[in-house]
Amino acid sequence: MNYEAVIGLEVHVQIKTQSKMFTRVAAGYGHEPNTLTDPVVLALPGALPVMNKAALDAIIKAGLLLGCEIAPVCKWDRKNYFYPDSPKNYQISQYDQPICLGGSVEIELPGSARNIMGEHKKVPLTRIHLEEDVGKLNHGATDSLIDYNRAGTPLMEIVSDPAMHTADEAYAYLTSLRATMIYGGISDCDMEKGQLRCDANISIRPVGETKLGTKVELKNLNSISFVRDGIQHEIKRQLAVLERGGTIVQETRDYDGQAGTSQSLRSKEDAHDYRYFPDPDLMPVKVDAEWKSRLQAECPELPFAKQRRFMEQYQLPYTLTSVLVWDRALADYFEETAQLAGPGKAQGVGNWIVNDLLRELAAAHLSLATSRVRPAHIAALVKLLDAGTVLTNAAKEIFVEMAATGDQPDAIADRKGLKAAPTDTNELEQWCRDSIAVNAKALAEFKAGKDSAINAFKGPIMKAAKGKANPKLVDETLRKLLAAM
Amino acid sequence: MSSELFYQPITSLAAALDAKKLTSVELTQAVVARTKSVEPRVHAFNSFDEADALAQAAASDARRAAGQSRGALDGIPIGLKDVIAVTGQPLTASSKMLKNFVSPYDATVTEKLRRAGAVLWGRLNCDEFAMGSSTENSAFGPTGNPWDTSRVPGGSSGGSSAALAAGEAIATLGSDTGGSIRQPAALCGVVGLKPTYGLVSRFGLIAYASSLDQIGPFARTVEDAAIVLGAIAGHDERDSTSFKTDIPDYRAELTKRKGPWKLGIPKEYFAEGLDPEIGAAVEKAIAFYKSQGCEIREVSLPHTQYCLDTYYVIATAEASSNLGRYDGIRYGHRSTAAKDVVDLYFQSRAEGFGPEVKRRIILGTYVLSSGYYDAYYLRAQKVRTLIRQDFLNAFREVDALLTPTSPVPAFKIGEKADPLAMYLLDIYTIGVNLAGLPAISVPCGFTQSGLPIGAQLIGQPFQESNLLAIARSYEQGHDWSAKFPSL
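Listed in order, the protein sequences are those of chains A and B.
Residues 1 to 485 (our numbering) make up the first sequence, in order.
Residues 1 to 487 (our numbering) make up the second sequence, in order.
Keep in mind that the hints were calculated from the coordinates and are not lab data.
Bear in mind that the values here come from a model prediction, so they are computed numbers and not experimental data.
Virtual Cβ for every residue (Gly too), placed ideally from N, Cα, C.
Check each hint, because a few of them may be wrong.
DSS-like, lysine-lysine: derived pairs with alpha carbons at most 25 angstroms apart [unchecked claim]:
1. 382/B - 75/A
2. 79/A - 358/B
3. 75/A - 244/B
4. 286/A - 244/B
Example chain A residues on the side facing chain B (calculated, C-beta under 8 angstroms, incomplete) [to be verified]:
5. 80
6. 281
7. 282
8. 283
Only chain A is shown next, with the shape it has when bound in the complex:
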């Protein structure tokens, strides 16, 4: 029998705010344990939560970016359970009225080749809600220590419909979602810092069946490639169980990405009764049209939309856009450079950025923000090249120097003597005549209509010019002379 997998992802994204979800103490990563705490975070007797509006702004923005319906009222519920990382022994969350409903994440599946765009799909979302993060337990040999620095950090839970069928789709979903969150300035989504965490619900069913199979929740998928590997592993495991004639047990499994194995954490019978009820300490907050439209105005163009526009507006090839659009700063850098370089130069600009700039930045361990090469540098270089003032090899050398010093390309070309030779028309004409004179074969071919035969004359001219002749001028001069022959 043929089976298909059905996959839904639950993604937790920490929202990047100055302070925590329900108190003024700072949110942050990498601080001394238990320094980002106060009576509210530690749930001291008498402490009360007060909502951080910036976190609500961020989740509404996330919802708008993903095309969700925004609830008219933000309502808070308590999720009650006992665990030492949860200081109140309840988590403030949203149960029956999440702030964002519906929406979708656009994904691109791998194309047939690297330079060919893959199929695009929209993975529907069930909901996004806001809650507070918990603390961190550090287990020692004989004791466990708790760090409450993370506790109370604003956290979004983004739940997809069970609408994906392959590990590749899940991988593409997570990549796209992550880029969207970074684009929106909602989170840095650094998985190593726990800013993005992913659980997967996976089931399999015979192809053609519409009912969902028994689902298994896979936890601890703590890198994007572990998500892909873990899902693949779980699908294989479930297939193997069915092929042996067994049945899938509803359970939560822990994936070990290093070992590539998983083991059962708990079964359905151990499921909590969270005793949700509306939090009486927090008033529901109205989200009006004005609030939404203010945030809508802050929403950036998303990567796929940008990619389509770059391909159309700048006539860029897919391969270039697929590098440029995933980093918002890089895409902005490209556009700024293309504007400065002028019409028709976008592809050249794109090539310089994707091939040369990124290579130099990586080699120097710099980022775009700290790059010494600014858009004006690249635009100036493209113009020099276009005017024939410098030649391609010289331009490459100039670029490296530009990256090292931040000097303008014109100054570098002068300093290093990299400009094409100032043209003495008579001398150039003489070199051209000499070259034509010694290559009767090419002359005959050119006369017979083979245009590319003209290139055969250029090598000796360049040699005579010691590589500094303006190729545009060489071409023009040759054509003029050949036409007269």
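Using the hints, position chain B against chain A.
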């Protein structure tokens, strides 16, 4: 009127302080001495810090000497129920769970009293986590009613009412979730005010039932209550449920607002179970208002019979969650017998909480459980809306409602062993919390055996000024507060 300093109202003491006839240190010393002398019989305090109080008093005297008095409360010793946080002082909720807990921060009301110059004095006993109506549920032993120390002072703020009635403080703060200020005020013969929900910040108040809890004053006179209320009321950005409203000068409003008023008598509050002596005393109060030209109307609050059930669903549900934090992990009682983390929860909570607290946590956990939520909690919230609507309907016709505060006077310690019998003591006070209304209990006589009786006036939301003025007009026609217990 007693000549004892510790029995004077704030108004007289403030005048004496301003006139330099008295210092705050002298006053505080008198209160401390009185406390030390009667505490063995009353046990209104869980703890007090004499040196700290005297230092606050000396600071107050220095301010007054420098012409920088902060007003009527500057230098006045005010006791706080042991559920209100004071920096550096114990905060126990009268529970073994928090026996050794010291608060690192001030509640908003504490901060406000400090700003008003009050001398914060002692930690007052109460029912554990404010759950009870007699202060017998304290892990540190019951409080005696100053009028008869073999009897209860009421609860849960019994330490607050008893300390005031015994002259161990000039005013006190309590908290009221189902009657916990008004009922002990009635049983101890003092004024007790529960403000409108949202008028006084709950930040720093140990939560019992968040949607019902409200801090309020105990005082010797209505005017004193107005002064303390003025100091503690007002919006607080640290409490999302606190209301943005202008706070009037309640004391000044007292003299501006003159009747006659329209008073409603809810017929459901005079049904069976009401002690006849109390019924008679309240009838006399009704007659008094009539004689003052007030219009008296019988009104109906048809959902009154559901108040108790509704309260015990909502309050316990919230409590079961609010008390989750007492787990022995970060602070509070931690069992040494535990074998693992789950066992640590079980043992610490089994050892740390008393029986009434456990009863309410279990009840609250049950009503929130999957499959029962709709039938209990959700339905209770709907009934709560109907109960509030009853009151609002009545307020279309009248300015305030007049009722007994408690169906019975102070009873013997240990007399009411049945929890249900204890719950029934709150029948006249609980509806007010469910509806979020302000209400005040004023002394309205004594039983033949000399126990205080209280009358309750229930006001419209945020109309404390009217409520206080109506209460004061009764107080001015009577001299109940001129009587003091013989201790």
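Quick check on the hint: residue 80/A CB to chain B CB, less than 8 angstroms? Holds, about 5 angstroms.
Would the hint linking residue 286/A and residue 244/B be met if the CA-CA limit is 25 angstroms? holds (16 angstroms)
Could you check if residue 281/A really has its C-beta closer than 8 angstroms to a C-beta on chain B? holds (5 angstroms)
Would the pair residue 75/A and residue 244/B pass a check requiring their Cα atoms to be no farther apart than 25 angstroms? With Cα atoms ~20 angstroms apart, residue 75/A and residue 244/B stay inside 25 angstroms; holds.
Close enough to count: is the Cβ of residue 282/A nearer than 8 angstroms to one in chain B? holds (5 angstroms)
For a C-alpha distance cap of 25 angstroms, please report whether residue 382/B and residue 75/A respect it. holds (18 angstroms)
Hint consistency between residue 79/A and residue 358/B [alpha-carbon to alpha-carbon, up to 25 angstroms]: holds (20 angstroms)
Given residue 283/A as an interface hint, is the shortest Cβ-Cβ distance to chain B below 8 angstroms? Since chain B brings a Cβ to about 5 angstroms from residue 283/A, closer than 8 angstroms, the hint holds.
Every hint from the earlier list agrees with this structure, and none is contradicted.
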